[in-house]
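Same order as they appear, the protein sequences are chains V and X. Residue numbers for the first sequence follow our numbering, beginning at 1 and rising by one. Residue numbers for the second sequence follow our numbering, beginning at 1 and rising by one.
Simulated from the structure, these hints should not be mistaken for laboratory data. These numbers were taken from a predicted model, which means no experiment stands behind them. For every residue, glycine included, the Cβ atom is placed at its ideal position computed from N, Cα and C. There may be inaccurate statements among the hints.
What the hints assert, rightly or not - These stretches of chain X come out as covered by chain V in the derived footprint (C-beta under 8 Å, 3 or more residues):
# : segment
1 : 11-24
2 : 68-78
3 : 141-152
4 : 181-194
To be verified - The calculated DSSO-like cross-link candidates involving lysine-lysine, where the alpha carbons are at most 27 Å apart (straight line), are:
#  : chain 1 : residue 1 : chain 2 : residue 2
5  : V       : Lys331    : X       : Lys218
6  : V       : Lys390    : X       : Lys226
7  : X       : Lys134    : V       : Lys390
8  : V       : Lys333    : X       : Lys5
9  : X       : Lys224    : V       : Lys390
10 : X       : Lys218    : V       : Lys390
Listed here are the chains, written in short residue letters.
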Amino acid sequence: MDRHRNKATVLSILCMGLGQLYNRQFIKGLLFLIFEVFGVTYLINNLPRALWGIVTLGDTPRMLVKGKWVDGDHSIFILISSLITLLFLVVFIIVYVMNVRDARKVGHERELGKRANNFRQSIRYVLDYKFAVAFLSIPAIGILFFTIMPIIFMVLLAFTNYSAPKHIPPAMLVDWVGFGTFRNLLALKTWSHTFYGVLTWTIIWAILSTITTYFGGMLVALLINQKGIRFKGVWRTILILPYAIPQIISLLVMRNLFNGQFGPVNQYLQYFGLGGLPWLTDEFWARVTVILVNMWVGIPVSMILIMGVLTTIPRDMYEAAEVDGASGFQKFKIVTLPMILFTTAPTLIMQFAGNINNFNMIFLLTGGDPVKGDYQYAGATDLLVTWLYKLTLTQNKYNMASAVGIIIFLIIASFSIYNYRRTASFKEEDMIQ
Amino acid sequence: MSGLKMRNFLRLTASYIVLVILAIGAIYPALWIILGSVRPGKSLYSKTLLPESYTLKHYSELFTSQSVLFGQWYMNTLKVAIFSMLLGVLLTLLTSYAVSRFRFRGRKTALSTVLVLGMFPGFMSMIAIFLLLKELNLLDTHIALIIVYASGAPLGGTLIAKGFFDTIPRSLDEAARIDGATNFAVFTKIILPLSKPILTYMALTQFVGPWVDFIFAKLVLRTKEKWTLAVGMWDMVNANQNSNFTLFAAGAVLIAVPITILFMFLQRLLVDGLTSGASKG
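Based on the sequences and whatever the hints tell you, model everything.
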């Protein structure tokens, strides 16, 4: 009785599409067959080299042949193309498994006396029942090649010695070094001093910037929302302005505003008889400036958010508090604050995580400066992310940059997963249906 | 009773004073840059906030200068922004509709993956994308930017758009299905017409992205003629901080004003987008 099923399975294991042809699904079978032919040709041509590449990262350095330099293997290109081939192999295997499962399923249906779908019916079936998967495959390919592949690549780089000056292709080869890079970063004095310094500042920055903008925004929102304040809409529109101006512009402008020599901030200070401050050139003041400017940019966001929450707090909670004789401050402490905190807690965590990664703020405003002498390619206001950028683009320390990147990613990812898992939208979303 | 009134009056006066100070703080940089852009000369330094005389020379200089190809950059940015917006919104719609309406194996994993990948610092993968684009011969082209911006769009927008689609009652599409509508018909005839707010939100964020992103654009675009505004403006500040400040100011005004107006105009919508994440907590 189970002849069809097993025959179809064996045939489609032998070669993609044969099982479908056996099931008399000719167009589908042909499509699988064509895919198999192209896939196998591609893999035969590329897979051996890809395996060789990912193991050795190339073995011919640049050589002098008859007085001329001839390029050898370019380790990084080899790594990338190996990775692409291997990803294709994964896709190929997935399609292969789909093909076998499909043949087996259709074979099983034939045993039960059903006629196999013709091509038109198959398409109809996919559109009706496998719609989501079919729909998602287009964005998924984009994400696979422009997000996931680069991430795998970056993770791999952390385990190589791809860095200036000794291991930069095409002149030199790159090798696998295992955990050597991480060991250097965490234990080698020159690197670890910078790493722990930058890490500490990153965390201080993330805490301070999140708290200042959050409570700043809360104060402004409460101020506007007070009973008896007129033109609430106008105040709100004016105070939203910093959020509406594109950051690239406002931060570059701020950089000029706080310019120690010509900037208006110091001009005003001098006008009032105070000495100018070294806003962007002194270690401490640069950090203060960065936090101040971040407040200017970030408070509007919190303000909007908290204003939104304020409108959702039920009136009767205040009335109940008033009956019990609560003062204005007590009402705020007992009703307003807990409600705001409760509703915005997930956003707060995300803002914290976002601030750890706030590249624009630091890069456009100070560029990480002022430079610190005992740091490896980092300045006083550099966050881990901007340090990573410098390591990559100006210093070519790719392996170190990748290691730093992995650490940032672990920090951020743990925050956001924790946050997402505990939000109700994830736990209870099926209730909405 | 009058004591209470007095206290109320004091409270309000103090609040107004604080509000005025905050408002000045919020407006000042914008005002300063606008006034700087119409001030004669090139210098950042000025004795007074209000210039003694006004000129529009810097604006015309932006479009005539040999070293600042502002008009060209504007067109480049516009092109990249429009195309990556169209493509990005389409991709985001597809993903968010699929994860909102269908239950399939690995759905929760997919959602978590989108969230985590969205957290990944974008330029960490820059070297890899750079090499990939080099392999594909796409360096120094705008298509490269469009592809990368658009393919990154689902990571940023899916969760918000999904939250929105979740609020559209399922009974609507079920009714249509009973009437024989296909998934595609449900999507185009029911979901899309109801999604105008989220569509506008996505279009806006996708459009503004290329205007403000410069890290990636700077990496990919090698020749000055191909630059986008962000790269050009950053270069102006970095190359000559004080020597050509007024020209920079004029450029900044031209970039910031349209986007700012757009933002103010669509304020309500953005507020909804921002708060939709929070209100479910």
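Hints versus structure:
no., hint, result
1, 11-24, "holds (count 8)"
2, 68-78, "violated (count 0)"
3, 141-152, "holds (count 5)"
4, 181-194, "holds (count 3)"
5, Lys331/V with Lys218/X, "violated (52 Å)"
6, Lys390/V with Lys226/X, "holds (24 Å)"
7, Lys134/X with Lys390/V, "holds (21 Å)"
8, Lys333/V with Lys5/X, "holds (24 Å)"
9, Lys224/X with Lys390/V, "holds (22 Å)"
10, Lys218/X with Lys390/V, "holds (14 Å)"
Comparing the model with each earlier hint shows violations of hints 2 and 5; every other hint is respected.
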